[in-house]
Amino acid sequence: MSRIPTICPFCGCGCNFYLMVDGGHVIGVEPNPANPVNRGMLCAKGWNCHEFVQSPDRLKLPLIRKDGELVESTWDEALDLVCTRLKDLGEKHGPDSLGFLSSAKVTNEENYLFMKMARGVFKTNNVDHCARL
Amino acid sequence: MAGLAAAFGSGAMTNSISEFEDADLFLVTGSNTTAQHPLIGSRIINAVEKGAKLILIDPREIPLAPFATLHLKQNIGTDVAVLNAMMNFIIQEECYDKEFVEARTEGFDALKASVARYTPKVSEMITGIKASDLNRAATMYAKADKAMLVYAMGITQHTTGTDNVKSCANLAMLTGHVGRSSTGVNPLRGQNNVQGACDMGGLPGVFTGYQRVNDGAVKKKFEDAWGISGLDDKPGLTITGMIAAAHRGDLKALYIMGENPLMSDPDVTHVERSLSNLDFLVVQDIFLSETAALADVVLPAACFAEKEGTYTNTERRVQLSRKAVSPPGQARADWEIVAEVCKRCGLAADYRSPGEIMNEINKLTPSYAGITYSRLSSGYGLSWPCPNTDHPGTPYLHRDQFTKGKGSFLPCDFKPVSEVPDEEYDFTLTTGRVYFQYHTGTMTRRVDLLEREAPEPLVEMNPEDAKKLGIRNSDMVEVSSRRGSITLKAEVTDRVPRRVLFTTFHFHEAQVNLLTNPVHDPIAEIPEYKGCAVKVRRCS
Ligand code: SF4
Numbered sequence: 001m002s003r004i005p006t007i008c009p010f011c012g013c014g015c016n017f018y019l020m021v022d023g024g025h026v027i028g029v030e031p032n033p034a035n036p037v038n039r040g041m042l043c044a045k046g047w048n049c050h051e052f053v054q055s056p057d058r059l060k061l062p063l064i065r066k067d068g069e070l071v072e073s074t075w076d077e078a079l080d081l082v083c084t085r086l087k088d089l090g091e092k093h094g095p096d097s098l099g100f101l102s103s104a105k106v107t108n109e110e111n112y113l114f115m116k117m118a119r120g121v122f123k124t125n126n127v128d129h130c131a132r133l
Numbered sequence: 001m002a003g004l005a006a007a008f009g010s011g012a013m014t015n016s017i018s019e020f021e022d023a024d025l026f027l028v029t030g031s032n033t034t035a036q037h038p039l040i041g042s043r044i045i046n047a048v049e050k051g052a053k054l055i056l057i058d059p060r061e062i063p064l065a066p067f068a069t070l071h072l073k074q075n076i077g078t079d080v081a082v083l084n085a086m087m088n089f090i091i092q093e094e095c096y097d098k099e100f101v102e103a104r105t106e107g108f109d110a111l112k113a114s115v116a117r118y119t120p121k122v123s124e125m126i127t128g129i130k131a132s133d134l135n136r137a138a139t140m141y142a143k144a145d146k147a148m149l150v151y152a153m154g155i156t157q158h159t160t161g162t163d164n165v166k167s168c169a170n171l172a173m174l175t176g177h178v179g180r181s182s183t184g185v186n187p188l189r190g191q192n193n194v195q196g197a198c199d200m201g202g203l204p205g206v207f208t209g210y211q212r213v214n215d216g217a218v219k220k221k222f223e224d225a226w227g228i229s230g231l232d233d234k235p236g237l238t239i240t241g242m243i244a245a246a247h248r249g250d251l252k253a254l255y256i257m258g259e260n261p262l263m264s265d266p267d268v269t270h271v272e273r274s275l276s277n278l279d280f281l282v283v284q285d286i287f288l289s290e291t292a293a294l295a296d297v298v299l300p301a302a303c304f305a306e307k308e309g310t311y312t313n314t315e316r317r318v319q320l321s322r323k324a325v326s327p328p329g330q331a332r333a334d335w336e337i338v339a340e341v342c343k344r345c346g347l348a349a350d351y352r353s354p355g356e357i358m359n360e361i362n363k364l365t366p367s368y369a370g371i372t373y374s375r376l377s378s379g380y381g382l383s384w385p386c387p388n389t390d391h392p393g394t395p396y397l398h399r400d401q402f403t404k405g406k407g408s409f410l411p412c413d414f415k416p417v418s419e420v421p422d423e424e425y426d427f428t429l430t431t432g433r434v435y436f437q438y439h440t441g442t443m444t445r446r447v448d449l450l451e452r453e454a455p456e457p458l459v460e461m462n463p464e465d466a467k468k469l470g471i472r473n474s475d476m477v478e479v480s481s482r483r484g485s486i487t488l489k490a491e492v493t494d495r496v497p498r499r500v501l502f503t504t505f506h507f508h509e510a511q512v513n514l515l516t517n518p519v520h521d522p523i524a525e526i527p528e529y530k531g532c533a534v535k536v537r538r539c540s
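As they're listed, the protein sequences go chains P and H.
Taking my numbering, the leading residue of the first sequence gets 1, the next gets one more, and so forth.
Taking my numbering, the leading residue of the second sequence gets 1, the next gets one more, and so forth.
So here's chain H without its partners, still in its complex pose (with noise of 0.2 angstroms):
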C-alpha cells in the first residue's frame, strides 16, 4: 500500500463499511467484491438498488457486472491509462474541484502537465476502451456528490502496483472525492487481519503504528520499553527479498508463522528451492500446510476459535476475539508460544493473558493508545487512530487534512505488463478468488459445504479462442508459460474477454503459481499476479 501512503500519509482505508450504504457513487477496479469482500460486495449491491451509481473497471464479466451503471473492461494491465485518461478529461472539461485542488494539495501543475497526454485516441488505442465511454466514467465521477473509489488485489498485483494506487488518489484528489463521510479511496485488504498485521510492525521498515526503525527516538523508545539496548535501525528484507537470500545462501534460517508461503508466493519453484537450501526452517501452524511439511520444527498452534484476541479489519477497526473452545491436543495459542520462545532465549514475556499485551502495544503505539480491552469489551470495537482512552476511534480519515499535511499528486505514466503476449505464448493470464474457497485453502477446502461448491480449479476460456484450439467445456487443457505448466479443466465463458485465460490460486493439484512471473513492483515488492504470457492446448 506504498503508493497510498505516499499521497495521503496512510495507505489504509479512508472510509468504514457502514458509509458505504450512503455513497452516491462507486468505481470499483481490480476487486471481485462479491468473492473476495463477500459482506462488502452486498453493501455496494445495496446502495445501487437504493439508486447509487456504479463504474466498474474491470476486464472480466465478474457478479457485480449486472449492477454496474457502466462497465469498462480494459486491456490487462493498462489501469494507470485508463485513469489518466479520465482525469485528462477532467481537466479538459475544467470539471475537478478547484478549492481543493488548492487548498489541500500539492503537485497538480506537473499531474496536469503529464496526464495531458492521454487524449481519448491515445487512449482508446492503449485501454481498448471507447473514448466515449471513458469520458463518461469521467464525468460521473468527478459529478457525484459522495464517490467511493473501491479497489483490491487487481490493482496492486501488477509490476505496475504502486503506480496504480497513485492513479487511484491522484483522481480522488483532484475531484476532491476524499475526506468526508462516504467519500474517499479504499483499498481492500484481503485476510483478516492483514491491516492489523501491518499495524503491528510486520513490516521490515517499521515498529507497531508505522514508527520507523531508522528513527533514533523511536529506538530508544522500544529499546527502553523492552528493558534491552542495541535494536537494529536499519530495514530489514521483505519476504521476496528473504526467499532471494535464502536461495543464495545468505538467509540461513526461517521461522513462519501462520502462512504458506509455498502456495501463495509466485513461481513456487523457486520458493521451495530457496527454503530447501535454508539450514533451519520453523513452521507454526494450525495444518501440516505445504510449506509445514518441509520444515525442520512444527510447532501446533491454536486457531482463532480457541485463543483470544484482536483483530484489525480492513476500515481500521480493531475487535475483540473471544476464546470458545479449547485447542486440539497440546496445540498452543501462538502467543504463548512465541512468548515461550522469548523467554527461553532471555527476553521478559511473562503474559498471562492477550489483554497485557495489549497493554503494552497501548503505551508504544499513539494510533492504538486508546484501544484497551476494557472499551473493547463492550460496543463493536474501536478504528484507529484512536489516541486516548475517551477518543471515539475514527471512521473516516483525512477530514481537515491528509495525515501527511498537503496531499501529493504524483503523476504515473502508463507501462505495459512486464510479460506481454508473443506468438509463442499468445495469451495473458490472470488469476484471483472464487465465492467459496480463501486464499491457499488450508482452512476452506476442509469445509464440506465449500468445497461441494467450488471442488476443483478450473481455467475460465472465452468461447471464440475455445473454438479456435478445438476446447470444448469441461476438456483438460494444459496451460504452460516460460517457467512451468499445469493441467486443468477448461470452462468456456465469456466472463473472460478473447486472449485471455483466468484461474484461482486455492488448489494445490493445479498450482498456478508455478506459471507466475515473479518479477514484482519495485516499490511496494507484490508480485505481478495479474498477468503473465501463456499458451494453452487440449490434453490428448
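Chain P extracted, bound-state conformation (with noise of 0.2 angstroms):
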C-alpha cells in the first residue's frame, strides 16, 4: 500500500491528505497532523472524497455528437473537431466569436495552459472561470 500526498477537491480551505492507495485503487484518506492548513483534521467532504475517483459514471471516452446523440470516438477524431471547428469559426466570424471558461476545481498549471490556449492560438481574451458564481 502507498501513501500519495494530495490537496481536497472540494472548498477553498485547500486541505491536505494523503489518498492510501492499494492495488492501483484509492482506498482511503489520511491527513497529515504536521500540516499547518489542516492540523490533521478533516470535514465530512474530505474524509469521503475518494468516493467519486471510483465513481462508475466517470467519463472513460470522448464523446461526440453524431445525429443528435452522443456517441463515444477515438481521441484523434474528437481533438481534431476541436480544433478544426474552433479555427473554423474563429477565422470565419472572428476571434472574439470564441469564448473559453476555465475551471476553479483544476490545477494552475492547467488555468495556466488553458488560458494561454485561448490567448495564443485562438487570439481571444474571452476567458473567465465559474467563480464569479
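Hints were generated in silico from the structure; no laboratory data involved.
Accuracy of the hints is not assured; some may be wrong.
What the hints assert, rightly or not - Sample of chain P residues facing chain H (criterion: CB under 8 angstroms; computed from the structure):
1) 41
2) 71
3) 87
4) 117
5) 121
Unchecked claim - Pairs of lysine-lysine residues, derived as DSBU-like cross-links and limited to a Cα-Cα distance of at most 35 angstroms, are as follows:
6) P:123 <-> H:404
7) H:146 <-> H:112
8) H:343 <-> P:60
9) P:87 <-> H:221
10) P:92 <-> H:220
11) H:323 <-> P:123
12) H:404 <-> H:221
13) P:123 <-> H:234
14) P:92 <-> H:343
15) H:343 <-> P:87
16) H:363 <-> H:234
17) H:219 <-> P:123
18) H:98 <-> H:146
19) H:221 <-> P:123
20) P:66 <-> H:219
21) H:234 <-> P:87
22) H:323 <-> P:87
23) P:92 <-> H:121
24) H:323 <-> P:60
25) H:130 <-> H:112
26) P:92 <-> P:66
27) P:123 <-> H:363
28) P:123 <-> P:92
A virtual CB, placed ideally from N, CA and C, is assigned to each residue, including glycine.
Could you use the hints to bring the two separately framed chains together as a complex?
Here it is as C-alpha cells:
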C-alpha cells in the first residue's frame, strides 16, 4: 500500500491528506497532523472525497454528437474536430466569436495552459472562470 | 473581488488560516463558515472557546450563531447600511485609529461625510437591527486588538456586492485592522482553486499574476515567451457577457473545462437557451454533467487523484498534489488535453510534466517567481507573493504599505436589493450551501455518506409564515418567482426570519437557479443569488 500526498478537491480551505492506494485503487484518506492548514483534521466532505474518484459514472472515452446523439469516439477524432471547428469559426466570425471557461476545480498549471490556448492559439481574451458564481 | 482590489490593491485574503487562532475578535458576515469552509469554521470556534469574541452579521440562525457574542440579524441586502452605521458611530465616538488613517490611507473626509447620514435612527429603520446593538458591535470591533473581518459569497452575491466589499475594507482601514498578524480582511473563496484560477489569468483582462492584457510591455513579454505575435490587447468578455453574446448569436463556440454553468448560473433557462444557440460547444469534465449533455464534443478528464499539479487555497498558499492512481478508461489530465489542442493548432506545448509548465509560470509571473516544484516538494506550500526562490512566502499582506501604496476609502451608499417583495411575490428567497454537499453536486452527490445526510432539497421557512399559509413541516410546496417555479419540501424552522425563504443550489431535482434573478453587480458581474422576490404555496 502507498500513501500519496494530495489536496482536497472541494472547498477553498485546501486541506491536505494522503490518499491510501492499494492495487491501483484509492481505499482511504489520511490527513497529516503536521500540516499547518488542517493539522490532521478534515470535514465530512474531505474524509469521503475519494469515493467519487471510483464512481462508475466517470467519463472514460471522448464523445462526439452524431445525428443528435453523443456517441463514443477516439481521441484523434475528437481533438481534430475541436481544432478544426474552433479554427473555422474563429476565422469566419472573428476571434471574439469564441469563448473559453476555465475552472476553479483544476490545477494552476491547467488554468495557465488553458488561458495560453485561448489567448495564444485563438487570439481572444474571452477567458473567464465560473467562480464569480 | 473587485472591491477589495480597488481599496487595497489586492483582492485576496490578507491573512493565513493559522493566524485565525490568535485573533481576539471575528466579525463574520455573509459566510456560513461551518458549511462552506468547515475547517476555517472550526478554527473560529476554537478561538472563541479560548476567549475570542465573535460578532455575526447574518439574517439566519446559522451553526456559528450559538458561539456569537453578538448576532446582528439584518434585513436581507442591507449590509452596506449596517457597516456604514458602525463606521459612523466609530467616527462619532472618536475610537477610530487616527494614526493608521493618517499614515496609510486616503479619502477619509469623503468617507466621514458619506457615513454621517447613517445615524442610529436611520440605520435601525433600514437594517432592522437595534441601534444599541449596532453601536455595541462597532465599539467591540474598533477596540479589539487583533480583529479579523471574514466574509464570503453572502456579501458578494448581491447587485451591490462590490459596495459591500468596499464597505468591509473601509471599516477595517478606519480601525487600523489590516496589515498585521491575525488582523485583516478575509474573503473566503468557494471552490478549491478559485484563487489559483484567478492568479493564472482565468479572467478576461489579465494574464498570470494580474498583469494586464492592455499593458504593452506585458503583452510583449508574453508574446516573446510564447513565440508568437498578435495577442489581443483589449479585455474580453466575462462569463456573463459570453452567455449574453451566445444568446444574441455573436458568440459561436464555447470551450468549457471542468465547470457546470448550467447548474451554477442564475436563471438556468436563459443559460440553456444560450448554450443551445452556439454552433459548437466543447465540455471537458470528469462526469457527464448537465452542461456536458448539451455539448458537441465531450472530453473525459482526470480528477485530482489522477494527476499532478498545484492548487492555491483561499489563503494564497500554493500546494503540490501528487498523482495517486491512473484515470479511468482513456480519460486524460486536463493539461495533457489542452497541450494536445495547442500542438494540433500549431502552438508549441511540449510539456512532459506539470512541473515544466510551472517553470514557465515562474518566469512570467513575479508573484509566483519563487514557487517552484523543488521547493513545494518539501514543506507545506508557499503563499504568494513569493518573488524569488529564497523568499519564504507572505502569510499576511499589506504590512508596511498596501499593495497599491495608500489604502483608499471608497464610500458607498445603501441601495435596496433590486427585486424587493411586493404584494404578489411577497417573500425574499435567499440561497446558500449545506455542510454535506458541494457546489452543484456533481462530485458530492456521488458519495454515499454525503448523499445520506443531505439527500434532498429543502426550503426553510419561518413557523409563523408557515402557519399562516397552512404549511406543515415536510409538506411539498411550490416556490415561484417571475422567472419560473420549483417544487420541494418545506422545513419549518426559526433559523430563518419571517418573510424569508432559504434554500441551496446543490440539487438538480429543484434547480433554484430557475428562480434567481440574473441581474448583476455592475463591476464584479456576480449575479444576485442572495435575494429575489418569490411567492410560495402548499402543493395540493
Ligand atoms: S476537508 Fe472539508 S474543509 Fe477541508 S478542504 Fe475539504 S471540504 Fe474544505
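Status of the hints after comparison with the structure:
no., hint, in the structure
1, 41, "holds (6 angstroms)"
2, 71, "violated (10 angstroms)"
3, 87, "holds (6 angstroms)"
4, 117, "holds (5 angstroms)"
5, 121, "holds (5 angstroms)"
6, P:123 <-> H:404, "holds (30 angstroms)"
7, H:146 <-> H:112, "holds (24 angstroms)"
8, H:343 <-> P:60, "holds (23 angstroms)"
9, P:87 <-> H:221, "holds (25 angstroms)"
10, P:92 <-> H:220, "holds (27 angstroms)"
11, H:323 <-> P:123, "holds (32 angstroms)"
12, H:404 <-> H:221, "holds (22 angstroms)"
13, P:123 <-> H:234, "holds (11 angstroms)"
14, P:92 <-> H:343, "holds (21 angstroms)"
15, H:343 <-> P:87, "holds (13 angstroms)"
16, H:363 <-> H:234, "holds (23 angstroms)"
17, H:219 <-> P:123, "holds (12 angstroms)"
18, H:98 <-> H:146, "holds (17 angstroms)"
19, H:221 <-> P:123, "holds (16 angstroms)"
20, P:66 <-> H:219, "violated (40 angstroms)"
21, H:234 <-> P:87, "holds (20 angstroms)"
22, H:323 <-> P:87, "holds (33 angstroms)"
23, P:92 <-> H:121, "violated (61 angstroms)"
24, H:323 <-> P:60, "holds (18 angstroms)"
25, H:130 <-> H:112, "holds (22 angstroms)"
26, P:92 <-> P:66, "holds (23 angstroms)"
27, P:123 <-> H:363, "holds (22 angstroms)"
28, P:123 <-> P:92, "holds (14 angstroms)"
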